[in-house]
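Student: Chain by chain, the residues run as shown.
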Amino acid sequence: MSLLSFLDRSHTVAKPGYSRWMVPPAALCVHLCIGQAYAFSVFNLPMTRLLGVSQSGPGDWKLTELGWIFSLAIFFLGVSSAVFGRWVEEGGPRRAMFTAALCWAGGFFISAIGVYAHNLWLIYLGYGVLGGIALGIGYISPVSTLIKWFPDRPGMATGMAIMGFGGGAFIASPLSVWLMSKFNTATHVGVAETFIVLGIVYFFFMIVGSVIVRVPAPGWKPAGYVAPTQSVGLITRNDVFVYNALKTPQFWLIWWVLCLNVTAGIGVLGQASAMSQEMFPGHITPVAAAGFVGLMSLFNMGGRFFWATTSDYIGRRNTYFVFMVLGFLLYCTVPHTGAIGSVAGFVICFLIIISMYGGGFSTVPAYLRDMYGTRYVGAIHGLLLTAWSAAGIFGPVIVNYLREYNITHGVPKAQAYNNTMYIMAGLLVIGFICNFLVKAVDARWHMAADDTRGKELVGTNA
Amino acid sequence: MTTANHEETTTLQLVLAWGFVGIPLAWGVIQTLINSMKLCQ
Chain U
1 MSLLSFLDRS HTVAKPGYSR WMVPPAALCV HLCIGQAYAF SVFNLPMTRL
51 LGVSQSGPGD WKLTELGWIF SLAIFFLGVS SAVFGRWVEE GGPRRAMFTA
101 ALCWAGGFFI SAIGVYAHNL WLIYLGYGVL GGIALGIGYI SPVSTLIKWF
151 PDRPGMATGM AIMGFGGGAF IASPLSVWLM SKFNTATHVG VAETFIVLGI
201 VYFFFMIVGS VIVRVPAPGW KPAGYVAPTQ SVGLITRNDV FVYNALKTPQ
251 FWLIWWVLCL NVTAGIGVLG QASAMSQEMF PGHITPVAAA GFVGLMSLFN
301 MGGRFFWATT SDYIGRRNTY FVFMVLGFLL YCTVPHTGAI GSVAGFVICF
351 LIIISMYGGG FSTVPAYLRD MYGTRYVGAI HGLLLTAWSA AGIFGPVIVN
401 YLREYNITHG VPKAQAYNNT MYIMAGLLVI GFICNFLVKA VDARWHMAAD
451 DTRGKELVGT NA
Chain R
1 MTTANHEETT TLQLVLAWGF VGIPLAWGVI QTLINSMKLC Q
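In order, the protein sequence lines correspond to chains U and R.
Residue 1 is where the first sequence starts when you use our numbering, and the numbers rise one by one after that.
Residue 1 is where the second sequence starts when you use our numbering, and the numbers rise one by one after that.
These are calculated hints, taken from the structure and not from any lab test.
Glycine included, C-beta positions come from ideal geometry on N, C-alpha and C.
Accuracy of the hints is not assured; some may be wrong.
With a straight-line cut-off of 16 Å between C-alpha atoms, the simulated EDC-like cross-links for lysine to aspartate or glutamate are [to be verified]:
1) Lys-221(U) x Asp-152(U)
2) Lys-413(U) x Glu-278(U)
3) Lys-247(U) x Asp-442(U)
4) Lys-247(U) x Glu-8(R)
5) Lys-182(U) x Glu-193(U)
6) Lys-62(U) x Glu-8(R)
Partial pick of chain U residues on the chain R-facing surface, computed with a CB cut under 7 Å [as the list claims (entries may be wrong)]:
7) Trp-21
8) Leu-28
9) Ile-171
10) Pro-174
11) Trp-178
12) Leu-295
Sample of chain R residues at the chain U side, in silico, Cβ under 7 Å [unchecked claim]:
13) Leu-14
14) Val-21
15) Gly-28
16) Ser-36
17) Lys-38
In isolation and in its complexed conformation, chain U is listed as follows (with noise of 0.2 Å):
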């Protein structure tokens, strides 16, 4: 069997006795990887003092050009996860984590050569585009495979694969720490290096979760699962075809809950440390700033199994009505415990709302699924994947800028977040109305039962 072929979807069809929980491990053999991304900072300051060594030199980086590596990568999965979704979905998850495989491990020699030849545009080349590239098909490809395995709990599933994500950076960063210092001499930092063996260790796990994943057969279903014979509420029984659904208002009504439910907690996620400190001067040292940092990311990726798994017995609907709500009164509150100096009462606070911003990534493909089936769920959730991208802008922008127009216009530090809490609560009150206006699809995108685009996709008819 040649290479090609063995990654074409016929060939990942699984045979009666395959168990469908071999699907999580795989998903997140591809997830871990590239949840790597959200740990990219760790090499940050190393890649400021490459010429330098023990500090920055004459023509090091700056860390401002270095920050355009991850919003680059950040960039190129919206965009490729909207690309190529169809390719995605019809190529089937072997084919699409196989080239994410070769992407990510790419992204990283690519970059590695960047460091030798201190060629910063390499890197943007290597791990920002290449590397996003992988992010995108990486990302949607096993949350698609999951929904199909598992229609009576999709978003538990999703949540599987989606925490994995988030808990990629919990190996990424202690990895990546200690291979820069075994690499590391008196003059070499050691990222070149490192960027190698991550790229090879990568490679290996995606290529053996490529290899592990299977597509339901067509007509499968788990054992004792009764397919609803009807659509209930918003949980309907047909498919909609890709590009139809970005024509129904339900798809932009779900973009915007998404985009604001993410930019609310993507801009406190990365000035945590520094608005923890500057809130509570002489109470909240760097060192536990950083401790509370690692805290809000366990509850990040916590949340994503948590907030998707309850979302299968509450609704999808339902979960996003929780975090609206529960997030506008938490983002409310923050300012008052700053005021009253409730260090505790702070953290909760954040660690909630951290937990309900990647419960907001995990429950959506579930979301999606309920509302245009499952056919071609993973191409329509690359499309709108390009929230993310939008929130990973707006987010930091809105923190950060009105900080700065804060303390120049004389507010005390410990002040200066109270205007973005309430911004963000505000956000949270927008999203609840979108939420609120999603309804069902109109049956005329409905796909006609003769129609057999992506008949093969789809395991059981839920």
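Position chain R relative to chain U; hints supplied.
Tutor: Coordinates of chain R only, in the frame set by chain U:
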């Protein structure tokens, strides 16, 4: 065991697959928890 029309997943395969991803993830979570304890110092 895999035949032309059958592909039985064994318990060992499941344990290996989950261990392959679970062990690194657990290690990462423990490292992060240890770092998070600094918040209480």
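Student: Against this structure, judge whether each hint is valid.
Tutor: Evaluation of the provided hints:
no.: 1; hint: Lys-221(U) x Asp-152(U); verdict: holds, 9 Å
no.: 2; hint: Lys-413(U) x Glu-278(U); verdict: holds, 6 Å
no.: 3; hint: Lys-247(U) x Asp-442(U); verdict: holds, 11 Å
no.: 4; hint: Lys-247(U) x Glu-8(R); verdict: violated, 43 Å
no.: 5; hint: Lys-182(U) x Glu-193(U); verdict: holds, 10 Å
no.: 6; hint: Lys-62(U) x Glu-8(R); verdict: violated, 55 Å
no.: 7; hint: Trp-21; verdict: holds, 6 Å
no.: 8; hint: Leu-28; verdict: holds, 4 Å
no.: 9; hint: Ile-171; verdict: holds, 4 Å
no.: 10; hint: Pro-174; verdict: holds, 5 Å
no.: 11; hint: Trp-178; verdict: violated, 10 Å
no.: 12; hint: Leu-295; verdict: holds, 4 Å
no.: 13; hint: Leu-14; verdict: holds, 6 Å
no.: 14; hint: Val-21; verdict: holds, 4 Å
no.: 15; hint: Gly-28; verdict: holds, 3 Å
no.: 16; hint: Ser-36; verdict: holds, 4 Å
no.: 17; hint: Lys-38; verdict: holds, 3 Å
Going down the numbered hints, you'll see the structure goes against 4, 6 and 11, while the others check out.
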